[in-house]
Every structure is written in C-alpha cells, then in structure tokens.
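A.B. asks: The residues making up each chain are set out below.
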Amino acid sequence: MTRWLALWIHLAVLLLAGTVLAQGGVSVELSTARRAVEVNTPFRVTLSATSAGDDVRSATPTLRPPPGITIVGGPSVGTQQQMTISGGRTSMRTGIRATWVLQATRTGRFTIGPALVAVGGSQVRSNTISVEVVPVGQGRQLQPRNPWGPLMPPGWPSPFGFPGDPGLQLDDEPLDPDRLPPYPRELATDKALDDIAFLTATVSPRRVVVGEPTTLRIVAYGRGGRFTEGKTTEPATSSFVSYPIHDTSYGMDAYRVPIGDQVWTALIAREVVLYPVDTGTLTIGGMTMEFLTPHGRPYMGRQIVRSSPAVELVVTEPPQAGRPPGYVLGDVGRFNLRANVQPREVTAGQAVSVIVKVEGEGNFPNRLPMPQQNGVEWLQPTITDAVDIDGGRLRGTKTFSYVVRLQKTGRVALGQLRLQYWDPVRRAYESTHADLGSVVVKPSQESTDAREEAVDRLAVVTEPRLVLGAPPREPLRWGDRPWFWVLLGLGPVGVVLVAGVARAGLSLSERWRVQRESLATQVARALTEARRSAERGDAAATASAGERALFSAIEDATKIRARGVLRDDLRDKLLEARIPESLAAEIDELLAQFDAVRFTGSADLAPTELLNRVQHCIRFVKRLSRGRGKA
Amino acid sequence: MTIHGWFATVLLFGVFTVAAVARAQSPQDRFAAAATALSEGAFDRALGEFEALADSGFEHPDASYDRAIAYIQRARSPQEKPGDLGRAVAALVETLELRPDDRQARAALETVRHEIAQRRIRAGREPAVVSPSLGRAVVGLLDESVWTLGALIGSLLLSVGLGIRWLFGGAPIRLAGGVTASIGALLLVTTCPLVAAAAYYRTTSRPAVVVVPEARLLTENGTPLDRKGSPDAHPAAPEGAKVYVLDRRGRLARIEWGSTRAWVLATDLRLVATR
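Protein sequence lines, in the order shown, are assigned to chains A and B. According to the numbering used here, the first sequence holds residues 1080 to 1710 in order. According to the numbering used here, the second sequence holds residues 492 to 766 in order.
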C-alpha cells in the first residue's frame, strides 16, 4: 500500500514538474518518419526537446519501447537550434535531438513512448506515437512520400530537421544478450578500450618459425552504431610477406557485440596472413583508422581517429636438430612435387623443357635445388604462381619452368629433384621429391666437329716442362718504399743545393771584399797605420797615413773627395758642406802640417800629437756625419 | 758403449732420417714427380701434386705452367670439370706474372683463351672481352722494374746535366749539360707517375682469374648488379677473365674487371701468385 502511494506521489510530482517546465517553455516531441514499418526492419524514432534557455542542452533522453519492439541503436544525441520569426519578433530555441533505431519483432500496432527527458533534476514526458508493423514486403506501399523525392540523393538527411543518419546512435540501453543476433566469435572482447570507438589487433599464433603463417586481425568497434573507415594508415609489416584476406572494411558485415553491459558495433577492419622472413621478436605496427558514418560524415558528430596497439610475435628458425642438407630457411608448409620433362630425346646442344609444379599450402619455395652435372645446363626458370589465400592459408600451385640445355651425349639421367621443408603441423622436417628421369641425347654432327676442333686447338699446349728453369728474378719494386723516392730526388736536389751553397759563398766573399774596401774601413786602416808610425816616431809616415785617414773620413761624411780638391779650395768646400768653420780651419791647418812634414821632414808637432789631432778631427767629422744622418 | 753413446747414436740416426725424408720431399722433387706423371698422361695425380705444391707456397713459373698443362689435359678428357680451362688460364697468368718474358706460356694463354671464347660462342653467349682500365693498360706496358730503372736513370741524368752546367763555363759543355738535364727531367717526370701507379696497383689489388663458367657480378649485398643503363654491360665475368681483387668481405670479393667494379663470389676466383 505504501509503495503504491509513493508511486502515485512520484507520478504526480513528475506530471506537475513537466507541466511547469512545459509552461516555462520546454517543448518535447517524439516523432517518426514512418508510421508503417516492416517486421524486423529498423526504423528511427526522434525525440526533439527545445526551450528558450539553455536548460535542455544537458538533458538526458530515455525511451522504453513496448514489448515486440527493441532498440537496436541509439540514442544518438545532438544539439539543435531553432529560430522563429513571427509578427516581426525573432525568438531562438535551443535543445537536443535524440534518435533511436527500433526494430519490431512481430506485426501489429504499437504505441511508442512517451520518451522522458531529464531536465535539471526533473523529467519531462513526450507525446506517444503509433506505428503499424506489417509483414515483410508490405511496408513500401505504406511509406509516406518524401516531398524532396528526386531532389535529394539517397540517404541524405531530410531537410526538415531529421538527423537522417543511422550512425548517430548510442546503445545505452541495458543489454539483453538473448535479443542480439549471433556474431563471429573473433569479434568478442571482454573490455572496451575506449568510450566511443577503438581498434583491437590480434595475431595468431604468436610463436612461429620463419615461413610459418600467422594471421593478423584488426577489429574496429564503435558505440554509435554502424560506421565505415575514413583515412587509414596500414599496419607496418616490414618483416613479413603479407597476403590479405580482407584488405578493407568496406563491405564487411557489422555485428552487434556485447562488451560489458553495452552493445557495440564491430567489424573486421583488416585480416592478413603474414609469413615472417626474419627471426626474433617481431613487431607489427598499429593501424590508424578514422571512424565515419556510413554516409561519410564524422562519427558521432566529431572526428574520431583510433589506432590499434602494436603486437609482437616471436619468430624462430626451425630446429637445427634433424635439419636435412639442402633445406632453405623459409620453406615451410606441406608440399608435393610433380615434374614433367619434354621431349625425352634430343640431339646434343638442344634443350628440353622441365616443368616442376609445387603443390600444397604454406610459404612456397622461391627456388628449387636442381640436380647439377656436367653437360647439363639449367637456365633460369620462369616462375608462375597460382596460389591464393584459402581458409587463412596460402594454397595452390607454384610452377617452375626450366629450359635445360644438354651437351653430353648418350642417355643422360637428369636425377632427382628433392625439396626439403618444415611441416608446422607435424613440427618436423619433411621432404618431397620428383624423379626427372633420363633424356637420350644424340650426338650432332656440328658438335662432334666442334669438339674435335677444340681438342685439336688445345693439343698444342700439352707438353709439360720436366725441369725447373731459372727461378724468377727479384724485380725492382721500390715504388712503395720511401727511400726510393728520396734517392730519386737526392741527385738533382743535391746538385742544386751544392750549386746554391757555392754561389752563396762566393757572394758572401765578394760582399766581404767590398766591405773591406769601404771608406770607414779605409779610415780605420789608415789610422792603424798612422798609429804604428807614430809609435815608431816616423813623422812623415804618420802624416801620410793620417792624411789618408782624414781624406777618407771627409769623403765618408760629406761625399767630398778631398784628395782631388785644391787645398786652397778645400776650406770653402767644407764650409759648403756645412762643416763648422772651426773644424774646417782645424782640418786645413792639419793638412798644412802634413804637407810640411812630408816636404820638409820637420813639423811643429810630434808624430803622436799629429795622430791625436787627426783622430780628433776624424771623431768630429764622424759625429757630424752621424748627426746629419739622424736629422 | 755407455748410455750416452747409445743416445747420441740414435739421435744422429734420427737426424739423418729426417734430413733424408725432407730431401726426398723437397719441392723440386715433388715437381719432378708431378711433371713425370703429367708427361705420362696421369693428369689427375699430377694435378693433386701441383695444387699441393702451390698450397705449400712453392712459386715457380714452370710449376705454374705444368699445372696449366694438367688442367688443359683434363679439359680435353671425358673427366673434364667445369672451370678447368679457367684454372688453366689462372696458372698461365701466374707463369707470366713470375716470368713475364715466357713466350711459350703467353702463346698457351692465348690458345686457351681462344678456346674459352669459342666455347662461349658455341653455347650462344658473348665472348665478353673486356679491356683493362686505362691506368692499368699504361702501367702494364712494361714491368714495374723497367719504370723503376727509368726513374733512376732520369734522376741520374738530371743530376749530371745540372752539375755540368754549373761546373763548366764553356758554352758547348754547358749546352751538353742542359740537354742531358732536359732528357733526365723528361724521363723522371714520365716514369715517376708510372712507378707510383704500379706500386699502388701492386699494393692495393691482386690479380685473379675467373675459374667458373661465369662469375655473376653482384652488389655489395650479394644481389645481381643492375647494369641495364650501361651500354657495354655484362652481367657476369666469363671463365678465364683476368680481374683484380680489391677487397674481400665474407664470401664476396670486390673486383675490378676492365672499368667495372663489382662483387663476385670469392669461390669463383683463383688468386694468382706474383713476384
């Protein structure tokens, strides 16, 4: 009784609040474009809630379908704005538009709604709508005509505000797994990696040998109903040879898959059989995919780009133990060999055709170990593939077409062709073989002649040498030795050096000689001579040497060659040469003394005094000369 | 006789025995035995002995020549093996490397190469004759010893000429000195680069000969060399082709064949002994 009372009170409060809100400007309307639908055919129901303020923008719509109708998608919620001009007044209303995708499971007439919109802690009820569910095939006759008909491309939204996009759906309704159609087991996942959309990547098996196939599967999940892929970056598989099973998600069936208590739309985005060519822990990069609605618009109204996680797998070589000779790494699978040789009889130099077919499944060999022998030349084969992915495995036939040229005559046994491979199912090495049989090769006249000619040609060089001759001479191979290059340059450079040094010596000698004969040297030499003469008391010799010293000093200082100037004119010349008058007079007087000593043999001055006066004059002349030089 | 006496006797006997065995197995004796076997037509036995001699480091132009003869004899027999003529060419090239003036070996080499070319033509393949690079061709005109001697003589003449010009004052003698110096300088300038180039080639490469029907030219990675853009491109070096090995890396050898530089399987080649 108390529960019933509480329920009635609750309902009354809701109705009152709804009325108040409605009176406050909240408008809620439930509608559908199709009043008659076929059973088991999805149809859309739209709830529009608007108000003059912003209070409806954050509203949460809910819809409980009646028994016999299920929600298969939605609600997809978007915002809307309506502008109305009436009587010169403009009014703006904002709100939400929620769309559900419903599906009837039986025929009959159904009343849908009312939908509830939670606004600010209160709930507003919408109107109800009535839908006629008819058997399959009868629905088209009951479809209302689209007034835009041929003007609109198929699938485009209605211009009257209908979202028109089946992708804008969210499955927030509590899940009833019994109502979901069956889906492939590989789409099942126990955890959603994102709230809106995500990609998963799995590889199976995760431990393989080189050449053993493994399958990479990338599944895309979206919470907003059906989607398609937009811009996509493929996963990096550089260490593998890949054979796609599904290289695009277009055309792939989408399934509704439960994850937790939610229903997601899932489809296989990529499925690739990979044959590893390297060993180690190999990484397969992630795939990046943009989620779009089936009509190419942003999924759930915004750009959604998701990447699958990178996955790793361990690749090893088949075991060394028991590995047969001739096994080529990567030859993994189960194979059979068949060979056909045509013709079986040829003449020497001609060729036969050997066609080898490798049948089976796995990583087919790229070359075959052909039995080689003299006189049998296997040319490069032509390889044709007739293999395809079947049941996740590469199956078919690979054909190797050889041209074999036969030079040996007689019955030539071509031998046996044996292919060693690793069987990943039995985890053991296996082999298959094909007998090539023999070919009868008849000698040709041309080859016989050529053979004889060849033998004749080589016959001239068949005589061996029975005795060792002189051993090889040691060659002059000095080019890589530094001393050789020094030796090469030593002669010419030595001559040039000697000549240069000699010339330099001569030049120095000449300069020395010239220097010896310079005026200063002459002054010094004459003074030395005068000094010696004075020491001997030889006045005449002292005078003669002193005069020479004085003349040389004057010439050195004034460039006046005093010896060639008349003594009467010398004084003037010296004055012209800016010799102080006192010095010029002293020189003049001293020269007169010299003349007296030389011509008369007597002098007023002793030889040493003469020498002193000469030295005095020369000192003054030199000082004068230096002073001028500085000036 | 004391114990020391016995010991000394045994030791002496052992030394003599070893010496005798060593004398019996000297390279000269082994050569003589192999050459005799070859002259008797036992080329297989002779080949084994000649190859063993070569492996032991014994290098002699006559041993190489006889090894070539043994391969030629086998190539003429039903026991012919692929590459026999290439090995014969390798042995003859070795003979000429050790004794460049061996005319008989040179003639034999021409004959075998002609035979290889004929066989290629009969098999529908091109003879693939490739000239050596210009540098090797010029340097190979004469032996390195000749270039070395030329350089030494050039240096000497230049020195003498310069000395005469400096020492003597007379015009005729100075002229003679100038002429001598000019000749010496010319000789020196000409031969020095050739000596240097010969030494460079000798120290950076080693001659070898292709001893398989075809040595496919490869890249450093072992993939076939793409030579579609070259007008005179050959995808492989033919048997008997003389190449120069520049480098060795793993199972591949880098070679110079004419103006081509490529990699081949090292087992496709036989290195040639040089002086």
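The set of hints was computed from the structure by calculation and includes no laboratory data. Built from N, CA and C at the ideal position, the CB exists for glycine as well. A portion of the hints provided could be inaccurate.
Quick list of simulated restraints, FRET-style, between CB atoms [as the list claims (entries may be wrong)]:
1. B:Ser750 - A:Val1577: 26 to 34 Å
2. B:Ser622 - A:Val1577: 43 to 51 Å
3. B:Arg665 - A:Leu1547: 34 to 42 Å
4. A:Glu1424 - B:Pro726: 50 to 58 Å
Calculated lysine-lysine pairs in the DSS-like style (CA-CA distance at most 30 Å, straight line) [what the hints assert, rightly or not]:
5. A:Lys1477 - A:Lys1436
6. A:Lys1638 - A:Lys1652
7. B:Lys572 - A:Lys1270
8. A:Lys1701 - A:Lys1638
9. A:Lys1436 - A:Lys1310
10. A:Lys1487 - B:Lys572
11. A:Lys1521 - A:Lys1487
12. A:Lys1270 - A:Lys1310
13. A:Lys1521 - B:Lys733
A.B. asks: Are the hints correct? Go through all of them and say.
C.D. replies: Hint check results:
1. B:Ser750 - A:Val1577: 26 to 34 Å: Cβ of Ser750 of chain B to Cβ of Val1577 of chain A: about 47 Å, so the range 26 to 34 Å is violated.
2. B:Ser622 - A:Val1577: 43 to 51 Å: Because 47 Å falls inside the window, the suggested range holds.
3. B:Arg665 - A:Leu1547: 34 to 42 Å: violated, 54 Å
4. A:Glu1424 - B:Pro726: 50 to 58 Å: Because 32 Å falls outside the window, the suggested range is violated.
5. A:Lys1477 - A:Lys1436: Distance of about 6 Å is within 30 Å: holds.
6. A:Lys1638 - A:Lys1652: Answer holds: Lys1638 of chain A to Lys1652 of chain A is near 11 Å, not above 30 Å.
7. B:Lys572 - A:Lys1270: violated, 69 Å
8. A:Lys1701 - A:Lys1638: Judged against 30 Å, a Cα distance of about 12 Å means the pair holds.
9. A:Lys1436 - A:Lys1310: violated, 42 Å
10. A:Lys1487 - B:Lys572: holds, 13 Å
11. A:Lys1521 - A:Lys1487: holds, 9 Å
12. A:Lys1270 - A:Lys1310: Distance of about 25 Å is within 30 Å: holds.
13. A:Lys1521 - B:Lys733: Violated, at roughly 36 Å.
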